[in-house]
Amino acid sequence: MNAIIPLVLDTLSSAALIFFAAVGLTLVFNVLRVLNVAHGSFYSIGAYVAASICAFIVSRHLNPYLSFVALLFSAALVAVVLGPLIESTLIRWTYGKSEAVQILITFGLFLILEDLQRMVFGVQSFYEDTPMRLMGSSSIGGVVYLNYQMFLVAMAVIVVFGLRLLIKHSRLGRLVTAVVADREMAQSIGVDTNKIFILAFSLGVFLAALGGALAVPTSGVAPGLGADTMVLAFAVAAIGGLGQIEGAALAALIVALARVLAIYFVPSLDAVAPYAAMLIVLLVRPYGLFGAITTRRI
Amino acid sequence: MRAILLIGAIFAIVVAPMAAPWLQFVLTMAIAKGLAALGVAVLLRAGMISIGHAMFFAASAYGVAFLARGGVSDFGLLLVLSVAITGLAGAVVGAFLIRYRAIFFAMLNLAVSMVFYALFAKLYGVTGGTDGMTIPVPTMFGIVLSEPTFKAILFYGSVALMVVVGLAVHRYLDSPLGHALSAVHTNEVRLEYLGVPVWAVLLVAYIVSAVLAGLGGAIAGFAIGRVVPDFAFWTASGHLVLVAVLGGIGGVPGAFIGAFFLELLHTEAAAFTDAWNLIVGAALIGVIMFLPKGLYGLLTRSEVSAK
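Chains S and H are the protein sequences, given in the same order. So the first sequence is numbered by the numbering used here: it starts at 1 and just counts up by one. So the second sequence is numbered by the numbering used here: it starts at 299 and just counts up by one.
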């Protein structure tokens, strides 16, 4: 029993972070039908901004609890600044174009964002664990764990249910559903699709940046984070079925479990686990666990 | 007109290192990447985008390293064997992946290449982990070569290979098999109704693309003298697609034009800026938006207007 508790806790908390990396990608794909290769960059930008603001708070000896506000604020800041700007310039241009074009345009964006981060934040890694230390630790059955891990899980659960509420039970959510179902029809009855796209894309950016910000206290941020997160997000989104938010949550659990099991039993294979899981699932179910099968065009 | 331009360009490539010896390594790498990008371009003809072909690039370079460690030291043998192994790997991987289209094809290639990358980075005892493996200077017909001599032979061999392989791929794309590839892009079901086995068309294309990437990888491995797992990282695969699209996938020279353009620009730009990815990213977006046929499209368009 004592061996299982840390395994479960590790799986849950790492699943939460993995989920944050992927949920925005899958949400954006669901609404915009664009696979955003630059998504991982929003995650790392969120992490850099959060680390900078937290470091500022600590250096000025402000109330350390402000760092929690800083985590949320930095994600919102990244979303408000980058979301509308990128959607209305680059992403909008790719609507209705082939997947190859969409992937390449966003890959170009990824390259640009990676270099911009390097120019602004430099190449050293940041580490800021104030929020984690403030929360302290507890123990279940003699196993000590960090409260921050549970905080991450709670945040992920809130996001899953929040998104569900937003999409199924709000006016905005119904508009989004209408646009997803039939873009032209929605336009013709007066839905401002451009506004919906900007909102959805910015929400995706926000979720990615939030994930990055929340990851700072546990693992810090270093160059290369964006590229690493990108493939992980791909794997999770693909396993869950592109565009499926609950699917992404389940896929994050699967990937986290595979990774934690690998770390416990075959440590040398921990980095292989997520991609191996993706490969196996996609070979059996190419549309992911929850993905809908689309018919071929004739 | 175009043929004269291309012959002139090849002549310029051959004589350039005589004037500026540092160009030899840059141009060898450009040819290596051009070959791999050509492989990606072959698949792009069928509308299939692979974000995983750096895996074959790396696999071939690792093949050379392993064979060299195992006692094979002849240059020709190393090249042929490692490319053959890569082609075989391409056949196996391709047999699974050609069933998928669009994003799913792209993502599965990504998944396979990342499994490859993670394995080679983690199995320290076998592959040297992230330190990679050294590739020693090979012998040629039993003659032991000094490093500068080998690098010179490698360069001229690569130029010859580029011409021969380029012509072969040109023939392939112009054959019924190659035209079927573009037809897959336009309308796959129509092709099936015509009785053309789409899977066979795509499998051949996949193997050809893997072999091309393998050729490039082996040359790059010889030129650098070392292979590291980063050869197979997904951004490297992305760069191969980038080179292909930048040059233009309309014809064989496109991939090489893209590769030469990027490598030379990189060498020049490195002197005064380190924001290289930013420049390349912006160039990629610019080319896709304003030059859908790539840099090679500029060349072919001017020919049409000249008539």
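Source of the hints: derived by calculation from the structure; they are not laboratory data. Keep in mind that the hints are not guaranteed to be accurate.
[To be verified] Pulled from the structure, derived: some chain S residues nowhere near chain H, Cβ distances all over 10 Å: (1) Trp-93; (2) Ser-98; (3) Val-143; (4) Gly-173.
[Claimed, not checked] Computed, partial: chain S to chain H, Cβ under 10 Å: (5) Leu-165; (6) Leu-166; (7) Leu-172; (8) Asp-270; (9) Ala-271.
[Said to hold, decoys possible] Sample of chain H residues lacking proximity to chain S, with all beta carbon distances greater than 10 Å (derived): (10) Pro-319; (11) Gly-369; (12) Tyr-398; (13) Leu-459.
Each residue gets a CB set at the ideal place from its N, CA and C atoms; glycine is no exception.
Here is how each hint holds up against the structure:
1. With a least beta-carbon separation of about 7 Å from chain H, Trp-93 of chain S fails to lie farther than 10 Å from that chain, contradicting its non-interface assignment.
2. A beta-carbon of chain H comes within 10 Å of the beta-carbon of Ser-98 of chain S; the shortest separation is about 7 Å.
3. Every C-beta of chain H lies more than 10 Å from that of Val-143 of chain S, the closest at about 28 Å, which supports listing it as non-interface.
4. With a closest Cβ-Cβ approach of about 25 Å to chain H, Gly-173 of chain S is found to remain outside the 10 Å limit, as its non-interface label requires.
5. With a cut of 10 Å, the hint placing Leu-165 of chain S at the interface with chain H is violated, because the nearest CB-to-CB distance is about 28 Å.
6. For the restraint placing Leu-166 of chain S at the interface with chain H, the shortest Cβ-Cβ distance is roughly 25 Å, beyond the 10 Å limit, so the hint is violated.
7. For Leu-172 of chain S, the interface hint is violated, since its Cβ never comes within 10 Å of a Cβ in chain H; the closest pair sits about 27 Å apart.
8. Look at Asp-270 of chain S: its Cβ gets to within about 8 Å of chain H, closer than 10 Å, so that hint holds up.
9. For Ala-271 of chain S, the suggested interface contact is upheld, since its CB lies about 4 Å from the closest CB of chain H, less than 10 Å.
10. Distance check for Pro-319 of chain H against chain S: the nearest CB is about 31 Å away, which clears 10 Å, and the non-interface claim stands.
11. The Cβ of Gly-369 of chain H sits about 27 Å from the closest Cβ of chain S, beyond the 10 Å cut-off, so the non-interface label holds.
12. At the 10 Å boundary, the C-beta of Tyr-398 of chain H falls inside the reach of chain S, the nearest C-beta of that chain being 6 Å off.
13. No beta-carbon of chain S is positioned within 10 Å of the beta-carbon of Leu-459 of chain H; the least distance is around 28 Å.
The structure fails to meet hints 1, 2, 5, 6, 7 and 12 from the earlier list, while all remaining hints are met.
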